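Engineer: Assemble chain B onto chain A, guided by the hints.
Chains as they are written, first to last, in the numbering used here: chain A, 1 to 204; chain B, 1 to 233.
Simulated from the structure, these hints should not be mistaken for lab results. Values in this document were obtained by computation on a predicted structure and should not be read as measured data. Don't be surprised by glycine CBs; every beta carbon is placed ideally from N, CA and C.
A few chain B residues facing chain A, derived, Cβ under 10 Å:
#: 1; residue: A12
#: 2; residue: P29
#: 3; residue: L33
#: 4; residue: P46
#: 5; residue: H105
#: 6; residue: A121
#: 7; residue: W144
#: 8; residue: F165
#: 9; residue: D192
#: 10; residue: A195
#: 11; residue: V221
#: 12; residue: L222
Beta-carbon label-pair distances, calculated as ranges:
#: 13; chain 1: A; residue 1: K31; chain 2: B; residue 2: G56; range: 19 to 27 Å
#: 14; chain 1: B; residue 1: G177; chain 2: A; residue 2: E106; range: 35 to 43 Å
#: 15; chain 1: B; residue 1: L205; chain 2: A; residue 2: Q79; range: 49 to 57 Å
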Amino acid sequence: MRETTQETTHGITPSQTVGPFFKYGLTPGDKYDWNDAFTNNLVTSDASGERIRIEGRVFDGDGQPVPDAMLEVWQADAQGRFADPKDQRALPNAAFRGFGRCGTDENGAYAFDTIKPGQVADPDGKPQAPHILLAVFARGMLRHLYTRIYFGDEAANAADPVLAIVPDERRATLIAARESGNGNPVYRLDLRLQGDNETVFFEV
Amino acid sequence: MTFAYPAESNRAHPAPLSPAYKSSIKRAPQKPLILMRHTLSELTGPVYGHETVREGDSDLTTQHTGEPLGERIIVHGHVLDEDGRGVPNSLLEIWQANACGRYIHVRDQHPAPLDPNFTGAGRAQSDASGYYRFVTVKPGAYPWGNHHNAWRPAHIHFSVFGHSFVSRLVTQMYFPGDPLFEFDPIFNSVPDEKARMRMVSSFDLESTQPEWALCYRFNIVLRGKNATPMEQK
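Just chain B, same shape as in the assembly:
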């Protein structure tokens, strides 16, 4: 299958500089990005399959001797291309704070407890239809010092590989109805509201497991669409 990667699709992304997000001020390039044609280098990408994903890597609640504290959840969905087709054998890596909003990273100084039963890292591979599934706990919100009383909405970081190096995506999955959305400069760095809402998972009652875990669905749409022009209606 041949894919095309229209440059217009990149408009969904935040601009490099978003002054409300202070860390971007000294790290965003000031010169415009140079638009270039894609060559085979851009149109190919690492093809990663099952070999980097070990048994159990997609369940963040079973990596230690005990179960982590917090609300157990299932996060699942499809990795899709811009035509809505599943992207098979896609590697997904996630990392997140624990239920108290604390990361195990050594530089996280938020005075909330670490959980000895929770690392917060996971890995999965999409199946032939692009479907993936993680089991984890719902991460907490946490303060981050960007401005007075700054709190990040609860989120799970996602790193995804698609069909080519230019479909590579690192994003954050949010939870529906979070009251912190309107105050978060990272979430709001995405200029278009519809695009912003594509980062918000939906509550999935149908896939909730009774007496065990709530479920959220998060579909991830990567760059790439069929290069064959579709018939116009």
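Here chain A stands alone, though its shape is the one from the complex:
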């Protein structure tokens, strides 16, 4: 085994921007001679729960779409369990992984196909409203930012301990609106990195 000590290991490695050129490495799609480790489709055939699509656009401080952002989501399954051994309740053989990645397109648009997550307890054992964690990366962002996606048709939002610490007038920036239509339900949430209706980002 190799030596793991290095003089510089006191303190974490700082973040740097993902830059403008990450696409061929992280979200190549069929555009580059490389393959995707992750996609924006989290649905697996064995996953129980409601199939949903989450859509939105990312805007900068001038209201211009951000065509070079990367979004990553992390969520529980429909029973509120995470596909991580640290969640002791997780079913080890469940195919649902709960992680997805999506680059924005030229209109700043993103989409995830997933299932609606169940409730997860907070550290006091109090149920949180169903939510998805979202990390935002882009050129111009020196560190990625964390936010959450909540669902507009959930009564549990009223008692959610995280929404409760967000000022009333900003809470709507975290709540995706359910749209009616054919096919799987669509929840829409735009992200505004700056300015009026700036999305709430969390220090986690």
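Structural biologist: Relative to the frame of chain A, chain B by itself:
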């Protein structure tokens, strides 16, 4: 093992707004981040192992019919937590410019040649001790238009997954002694000098392979430390 993620560790990161880096001006939030307690959602994270890493993905010099031009290098090190323990089975993704400082990305317009034998993307998984290893070519510096005569120091982009979603890291690895450091607003967006230097790899003569490749060591320290209080000396 139970990990704690002290918020203070985040002080190593750049502030969202760093005006010298012009792209941050319209993309940095103006309102303060809201500090929240970690729940199970934050304390878990994607557990990714070997299945996304294919044979040969960690060698960027063998992805095409011929060898890429440039200086062949080995980049290796450990993914560590804040206690200095290796983070096993961590997924590392890298991407970089070629030896001439040109990315294959369609929007890179730098008038330097593309290399048909170099894509510039790689993937590896840390082993049980947190160790990882890539073979690639040393990327070139390139101009980027942020200000007059702006050049990025040579760097390799790293994307790393750790023990939880809050230990997620995207960073850039630099090379020791680069004369461009002092002029680069992205490198200097990290306020603390010691923290900045943690992004700089060290030349590793011992692991250099004679007649074949120079070697650089880059240890990556992710958030997360033992939650059990250590005995105070």
